[in-house]
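Chain by chain, the residues run as shown.
Protein chains: 6
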Amino acid sequence: MIAHSFNHPGFGPAQRLHGATYVIDVTFFSKQLNEMQTVIDIALAHKALKEVLAPLDYQNLDELPQFEGQLTTTEYLARYIHNEVKKAVTGEFSGRIKVQLGESHEAWAAYES
Amino acid sequence: MIAHSFNHPGFGPAQRLHGATYVIDVTFFSKQLNEMQTVIDIALAHKALKEVLAPLDYQNLDELPQFEGQLTTTEYLARYIHNEVKKAVTGEFSGRIKVQLGESHEAWAAYES
Amino acid sequence: MIAHSFNHPGFGPAQRLHGATYVIDVTFFSKQLNEMQTVIDIALAHKALKEVLAPLDYQNLDELPQFEGQLTTTEYLARYIHNEVKKAVTGEFSGRIKVQLGESHEAWAAYES
Amino acid sequence: MIAHSFNHPGFGPAQRLHGATYVIDVTFFSKQLNEMQTVIDIALAHKALKEVLAPLDYQNLDELPQFEGQLTTTEYLARYIHNEVKKAVTGEFSGRIKVQLGESHEAWAAYES
Amino acid sequence: MIAHSFNHPGFGPAQRLHGATYVIDVTFFSKQLNEMQTVIDIALAHKALKEVLAPLDYQNLDELPQFEGQLTTTEYLARYIHNEVKKAVTGEFSGRIKVQLGESHEAWAAYES
Amino acid sequence: MIAHSFNHPGFGPAQRLHGATYVIDVTFFSKQLNEMQTVIDIALAHKALKEVLAPLDYQNLDELPQFEGQLTTTEYLARYIHNEVKKAVTGEFSGRIKVQLGESHEAWAAYES
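Chains as they are written, first to last, in my numbering: chain A, 13 to 125; chain B, 13 to 125; chain C, 13 to 125; chain D, 13 to 125; chain E, 13 to 125; chain F, 13 to 125.
Derived by calculation from the structure, the hints in this document are not laboratory data. Some hints could be false.
Same chains, same names: a pair is fine if it fits in one copy or spans any two.
Here are the simulated PhoX-like pairs of lysine-lysine, each with C-alpha atoms no more than 20 angstroms apart in a straight line [said to hold, decoys possible]: (1) K98 - K43; (2) K110 - K43; (3) K98 - K59; (4) K99 - K59; (5) K98 - K62; (6) K59 - K110.
All of these numbers come straight from a predicted model, not from anything done at the bench.
Work the whole structure out from these sequences, hints included.
Next comes the structure, spelled out in structure tokens:
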């Protein structure tokens with residue numbers, strides 16, 4: 013649950029400070045299963061996502077240094093969270109990761125790499 | 013998609029300015045169907061809801077005069093929107109109305125009267 | 013999956029022959045559980061609903077005698093299916109029943125009695 | 013919300029005139045974000061989809077010239093709508109597009125190119 | 013995620029040891045909002061539900077003493093969890109509570125009191 | 013609705029006999045539509061899936077010979093069901109198939125080939 017504003021005339025009313033609840037789904041892709049017959053240890057996946065999201069929840073993104081001067085669109089945030097999750101699981105998981113941010117049951121953006 | 017903050021120590025991190033996307037469902041209850049075999053003219057229902065929500069979308073609720081000094085929780089907003097929808101359909105519909113605000117697929121609040 | 017048209021000027025484009033997929037949910041209410049610790053035998057409930065829906069599926073409702081001269085709105089169909097389900101479970105279940113017809117994930121009508 | 017029939021013996025009861033509500037999701041894919049940090053201007057996407065769908069909604073597809081002699085299955089319609097959306101955004105978006113038509117929460121077809 | 017079996021001939025194949033994933037939704041009803049403009053402190057609600065569910069998760073219910081000789085149907089479990097949640101919030105919340113157990117997106121049971 | 017246990021210390025409480033309800037979605041991919049303008053005859057797809065799932069429903073997987081000595085994780089089961097469905101449609105469909113097993117609305121695994 014974050015607040016932010018979009019400093020670009022193309023966004024119309026979304027230039028005002030407003031908010032969003034994101035439902036975040038992370039998918040891990042693998043060609044092989046590990047010895048536990050899983051793609052990734054789900055506890056590790058939960059921990060990584062939790063660490064990445066903790067500094068963002070209930071925040072006004074306009075005031076966070078890592079987003080200074082950025083347009084924090086859903087697409088931008090999907091890529092940002094993807095990159096942070098990738099870093100957080102380095103050494104444990106090296107496959108593709110997809111991060112999807114749902115703004116509502118109707119609109120979403122995702123980044124996969 | 014709104015921004016707001018909760019000025020009460022019980023809210024923990026939600027005391028900070030943050031945001032929310034609400035998916036809003038309105039239900040109209042009636043003991044009888046009208047001559048079109050409907051509970052309410054759906055065009056009228058859409059129009060009423062649109063008029064009620066327009067002044068709220070992409071806003072920081074902390075800055076709107078109608079919410080001054082209020083804790084704009086999901087419960088509070090459900091009742092506020094319920095009352096505004098009820099006024100907007102006066103003369104056309106007099107039955108019970110339920111307004112539900114979904115914060116995500118996991119949490120919601122509703123007001124019915 | 014049915015086709016129908018609405019012979020009433022208030023319906024605008026829905027006066028034309030068009031169609032709908034309905035997702036139908038039936039809820040059975042009871043103050044007590046039976047000796048199997050259930051509200052109703054789910055096999056009986058499935059059978060009743062299947063029998064009621066079979067004559068309607070893949071039909072043009074405008075051509076069915078039971079709907080002659082009727083506006084087969086979602087509300088009307090919810091009550092019609094409710095009444096048929098109630099008859100089909102007579103002797104086995106006497107509590108309240110709710111039938112909900114979802115036109116999509118956004119619009120629905122229900123009848124409860 | 014459309015009506016149609018399938019003139020092929022393999023379809024069983026779906027050979028009769030029946031109907032469907034489609035929930036249509038369009039996904040736009042891009043390797044880069046534009047200067048607004050989005051994949052596509054969502055207003056443009058909405059406008060394109062609205063223009064493509066307007067001539068189909070509340071129609072009997074059997075009577076529309078563009079579908080004469082065609083089996084308007086969900087798969088066929090997904091490809092048709094995909095091609096029309098692609099044309100409608102030409103000059104503005106040149107990436108892959110996926111169009112998915114959900115018949116219900118259980119069955120869907122999609123076309124991606 | 014529990015395992016159980018139903019020792020009653022009416023259950024057919026469900027007499028065998030099998031399992032279920034339940035998605036559990038709890039609704040709290042109130043005529044008035046409290047001074048925080050909420051129905052219940054959501055942290056308290058989470059805590060209560062967590063405490064009630066902890067002894068059940070990843071268990072074979074056939075082996076738990078509190079269910080000895082019981083048919084642990086979805087209906088039975090909804091009432092059991094309802095009663096435990098009610099006890100867990102005693103002193104903090106005295107309104108009606110509804111507990112719904114979803115077995116899948118198609119089947120559910122609920123208890124409200 | 014199955015029961016199983018995971019005989020590997022990495023699974024924590026899931027080493028106990030527990031259960032799961034899986035919602036199973038199968039997707040068939042094709043570059044061309046057949047003469048019925050479909051990807052696959054949906055009756056054939058239903059029949060294949062039904063045959064594959066029948067021996068698994070309401071079972072304790074720990075006791076089935078085909079899973080002896082296996083960790084029947086969601087990932088493992090997705091691949092197992094995928095392979096069985098592929099065999100069941102041999103001669104009728106030769107494209108890619110994706111099998112997804114949803115444990116709840118929050119967690120799933122899929123296998124595609």
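Hints versus structure:
1. K98 - K43: both (17 angstroms within a copy, 18 angstroms between copies)
2. K110 - K43: Both ways: K110 and K43 sit 15 angstroms apart in one copy and 14 angstroms across, limit 20 angstroms.
3. K98 - K59: within (12 angstroms within a copy, 32 angstroms between copies)
4. K99 - K59: within (13 angstroms within a copy, 32 angstroms between copies)
5. K98 - K62: For K98 and K62, the Cα distance is within 20 angstroms only inside one copy (13 angstroms; across copies 30 angstroms).
6. K59 - K110: within (16 angstroms within a copy, 28 angstroms between copies)
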